[in-house]
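Using the sequences plus the hints, can you model the full thing?
Those protein sequences? They're chains R and L, same order as listed.
The first sequence begins at 1 in our numbering and counts up one residue at a time.
The second sequence begins at 1 in our numbering and counts up one residue at a time.
These are computed hints drawn from the structure, not numbers from a lab.
Here the structure is a predicted model, which means the values were calculated and not measured.
Even for Gly, the Cβ is constructed at its ideal location relative to N, Cα and C.
Be aware that one or more of the hints could be misleading.
Stated by the list, open to error - Selected chain R positions facing chain L (Cβ under 10 Å, derived; list incomplete):
| id | residue |
| --- | --- |
| 1 | E306 |
| 2 | R314 |
| 3 | Q323 |
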Amino acid sequence: MLWETIRLAIEAIQRNFLRSALTILGIVIGVGSVIAMVTIGQGSTQQVTADVQKLGSNMLMIMPGQDAMEGGPSGTVDKMFTIRTNNLLEAQLPILDASAPLGVSRARAVFGNENHRTDIVGTDNRYFRVAQWEIDYGRIFDIGELNAGKPVCVIGETVREELFGNVIPIGETIRIKALSCEIIGTLKSKGASTFGSDQDDFVIMPIRTFHRRVAGNTDVSLLIASVRDGVSTERAQEEITLVMRDIRRISRGEEDDFTVLDMKQIATMLSGITGILTGLLSAVAAVSLLVGGIGIMNIMLVSVTERTREIGIRLAIGAQTRQVLMQFLVEAIILSLFGGLIGVVFGLGIGWLGAYVLSIPFQPDVVTVLIACAFSGAVGVIFGFFPARRAARMNPIDALRHE
Amino acid sequence: MSDAQARPLIRLRDISRTYGAGEAQVRALDHVDLDIEEGEFVAIMGPSGSGKSTAMNVIGCLDVPTSGEYFFSGVEVDDLNNDQRALLRRHYLGFVFQGYNLLHRTSALHNVELPLIYKGLDRVERRDMAMQALKRMGLEHRAHHDPSELSGGQQQRVAIARALAGSPKVVLADEPTGNLDTKLSAEIMEILQDLNESEGLTIVMVTHEADMAAYAKRLLWMVDGRIERDSLTREAA
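Take a look at the structure:
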């Protein structure tokens, strides 16, 4: 009899092809969108985490002023660092692998008819090591250039491309403000950062050159330090804070006038942001799940009259209530299963495509798949089954005359 | 229990059926007593609202009377639950409705097969029986057509085939010719008459046309939920 019931249900599905197709479509859209959204959301979260790790998980940034993440380190009220601050810090903390002072300014780099506005960074060779930059062509600075503050520079891939196109510009001279600066090296591209900003868009020069010829002061606006292997960044953060308070002569009870940022904290923060994003996407997806559900509900309710009469006919010719119910239940289950299955395939497909296009990892989530399927299935069964149950419990003549 | 020979196939005792409550209450059947023997062909006539359809629905176990006793073949139907009523309909009753009540987008053959599915017959057997029933109605060539592709007369013959497929004891027909023209009506009535005469099938039919009632052997005239007149037709006489 079960097989007979399944056959009856399949016949009913075939007979009401449009209704069945629309029901399946509702489930496909609901399930598919949830799975696609969550897959893409989770993929981007993982991508962000991986990106930050690539940035240097053992890297710390020290900036003048408090709340540097909010206000930015460039506020005039803050007492800036000097090269000496960096050297003292590095000398007093053996747990640091290296620490580099950075001065940053925005300026236009000009070559011939081409010009490009970019970040000008004054630093020394330690920066390449700490920030893990690799030379593509040419070389890094030599001692003489650093000490004398010679007009030489290493450029990022974006600057190279903007000014020189396909040419490798070692030995060429670019102009930054009044300074004519010889290119001695180019950097390997790191691409866009997690924030979407271009990491390759900058020019690096010796910090003395930067101070004298570009900035016109001796400020160091940022220190970047890397810790030795096996040293936790939490511990480094504490020790740096202690040493910096000493260097900056901050008495007990006074607040720090600098901020130490751990890249791990930034990673956590970013994961938080993408987590919110995933939540948002999931909410949108949940709405489409709901809309799909309402679609199914509509179709089922619109066809209640026809279904009620069909049930009346079946009851009149001798079907028992539970036989009719089984048929409608099986019908709803088949539609939900079928729709759910297509929805899963569809959702994973879109998720995969999205991951491919955005070059993020493909991260399907089993729990989401199950929840989406369960929800759509429940909607299909509830709205397919309950009107049928009502009809099957009527007097057959009332079901037959239903309008 | 009385002697089986003595008890009629259908026995209604003091049957009432009311709809609604209070002021708006309608008494569709008003303390009706009725016996119908096996092999009878009974036509129920009466003005609109006289309760003739309600009487038929009660006899057909499609509706439940408000009070009174109904015995089918000696079994008290009022004691049966919904499922048992369904079994009674399945094995003993066949229906022909004015509006045909065939399943849409379903072949004539499958419509006729439907009661046999619920009887639990296997596929080959019920295909055979359904085809036989259609053949009897002269519709074997239309077996695979949907109701929408059939004329009114053909649809009603499919409905009769469906009613007969389960070999019922009683066929209940509610205005079976209500939607048909005179010629087709006569055709349908002759089929019913033939089934009654040659196979002894008990038929209870509701109609408001005297021409159709004339095919029956016994005529009940209902007014206001009561049987006013119970007589033999000219046909029977």
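Interface hint status, R/E306 versus chain L (Cβ within 10 Å): holds, 7 Å
message: Does the closest beta carbon of chain L sit nearer than 10 Å to the beta carbon of R/Q323?
response: R/Q323 check passes; min Cβ-Cβ to chain L is 7 Å, inside 10 Å.
field: Hint status (Cβ of R/R314 to nearest Cβ of chain L, threshold 10 Å)
entry: holds, 7 Å
In terms of the numbered hints stated before, the structure departs from none.
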